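*Asks:* The primary structure of each chain is shown beneath.
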Amino acid sequence: MSGAEAEVTERRPAERDELHKREYDLLDTILQDMADAVVAEECYVHVQPRRVFVRVHPDRLREFIRYMQREHDMWQVSTLSGRDLGDDLQANYHFFLNDKKIAITIKVNVPRDKPEYPSITDLVPGVDFVENEIREMFGIVPVGHPNPRRCELPENWPGEEYPLRKDWADPRGLMKRSKTTGPRPKEEL
Amino acid sequence: MGFLRRLVDKAKIKSPWVFHFNSGGCNGCDIEIIAALMPRLDLERFGVKLVGSPRHADIMLCTGPVTEQIKPRLQRIYEQMAEPKYVVAIGSCACSGGVFRGAYNVLGGVDQAIPVTAYVPGCPPKPSAIMHGAYQLLQVLAEIMGVSPKELAPEFEEPPAPTVDTTETGAEVAQT
Chain A
1 MSGAEAEVTE
11 RRPAERDELH
21 KREYDLLDTI
31 LQDMADAVVA
41 EECYVHVQPR
51 RVFVRVHPDR
61 LREFIRYMQR
71 EHDMWQVSTL
81 SGRDLGDDLQ
91 ANYHFFLNDK
101 KIAITIKVNV
111 PRDKPEYPSI
121 TDLVPGVDFV
131 ENEIREMFGI
141 VPVGHPNPRR
151 CELPENWPGE
161 EYPLRKDWAD
171 PRGLMKRSKT
181 TGPRPKEEL
Chain B
1 MGFLRRLVDK
11 AKIKSPWVFH
21 FNSGGCNGCD
31 IEIIAALMPR
41 LDLERFGVKL
51 VGSPRHADIM
61 LCTGPVTEQI
71 KPRLQRIYEQ
81 MAEPKYVVAI
91 GSCACSGGVF
101 RGAYNVLGGV
111 DQAIPVTAYV
121 PGCPPKPSAI
131 MHGAYQLLQV
141 LAEIMGVSPK
151 ELAPEFEEPP
161 APTVDTTETG
171 AEVAQT
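Read top to bottom, the protein sequences are chains A and B. Residues in the first sequence are numbered from 1 upward in steps of one, following my numbering. Residues in the second sequence are numbered from 1 upward in steps of one, following my numbering.
These aren't lab readings, by the way, just hints derived from the structure by calculation. Check each hint, because a few of them may be wrong.
As the list claims (entries may be wrong) - Covered stretches of chain A (chain B as the covering partner; in silico rule of three or more C-beta atoms under 8 Å from a C-beta of chain B):
1. 45-53
2. 178-185
Unchecked claim - Mimicking EDC-like on lysine to aspartate or glutamate, the simulated pairs with C-alpha atoms at most 16 Å apart in a straight line are:
3. Lys100(A) x Asp73(A)
4. Lys71(B) x Glu188(A)
5. Lys12(B) x Glu143(B)
6. Lys100(A) x Asp25(A)
7. Lys114(A) x Asp59(A)
8. Lys126(B) x Asp42(B)
9. Lys186(A) x Glu79(B)
10. Lys71(B) x Asp88(A)
11. Lys176(A) x Glu68(B)
12. Lys166(A) x Asp87(A)
13. Lys71(B) x Glu152(A)
14. Lys179(A) x Glu68(B)
15. Lys114(A) x Asp84(A)
Fair warning: this is a prediction, and the values are worked out from it, not measured in the lab. Where is the CB? At the ideal position from N, CA and C, for every residue including glycine.
Using the sequences plus the hints, can you model the full thing?
*Replies:* Listed below in structure tokens is the structure:
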């Protein structure tokens, strides 16, 4: 490769034009009302219409969700996704604002050595299952979850291994095992 | 005794009851299995019947890559089936792992957990492919049990080839 490589980034903010007026109205209101709860430089309106990203401090997450439910009628939860950013782990809550027709993603960054943030299952019952899932898959712990349990991985899975983290090294050779080349002999079944 | 044995073997070939098991797939193949059993292709004309319990079934139709979690359940259900028992792996996932090949939580194919007799690849396989797989399996079974394939499905016999006199021109053939 020659020449300067363009920086690969997920962040593609939109222009302040007529197409994105509703989204910027919402984002400006959020930045004004909850200025100390959000990380302002990580909040933006995506160039794709009807898409807003907000990053929230972990300790203010519950307050922010309550504010969104109270002021913006945010009641429909889509899902929760996790990411491994290297130093940080990230939980992304995806919500739909039906009246404004906007999908909003609330990002929570937690440090890798202490990946904990307050659970919002009592405010949003729909994330009960996915918060358990993110604890299993990424090791991001929603503290105060009313019903912590194992939901997806096998029962004999070791507790301290999180398969969707980038540094999971596959110590038991599971990924090699599933690349099968033929039926297993009958005596091994 | 020979006559009775033959009768039982023929009855087994003529009425293979199937049981359907999903070992962690996406339901695509399951829908196609249902489509194969429905009146358009009508697998039931071979005597194939979908039953709800492995204890009643002769053939298990298995879809999906076998996940780690479901492996003991699949083996237990296979053990519950009465002899003689056969397994058909339906779909790419059930044959080799499919898109889940190399994942950490699947075994990569039904043949890693239980012995498999026939494979139907495809993602999902068309109902006609499932039909073809089932018919191939029945042919194999007929061979094993010593039943002639003609008894299996008379309507599947090839129709006699139309006799065309090659010495005449095409136009005259069309007239006759």
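*Asks:* Provide an ascending list of the numbers of those earlier hints which the structure does not satisfy.
*Replies:* Of the numbered hints given earlier, those the structure breaks are 1, 10, listed in rising order.
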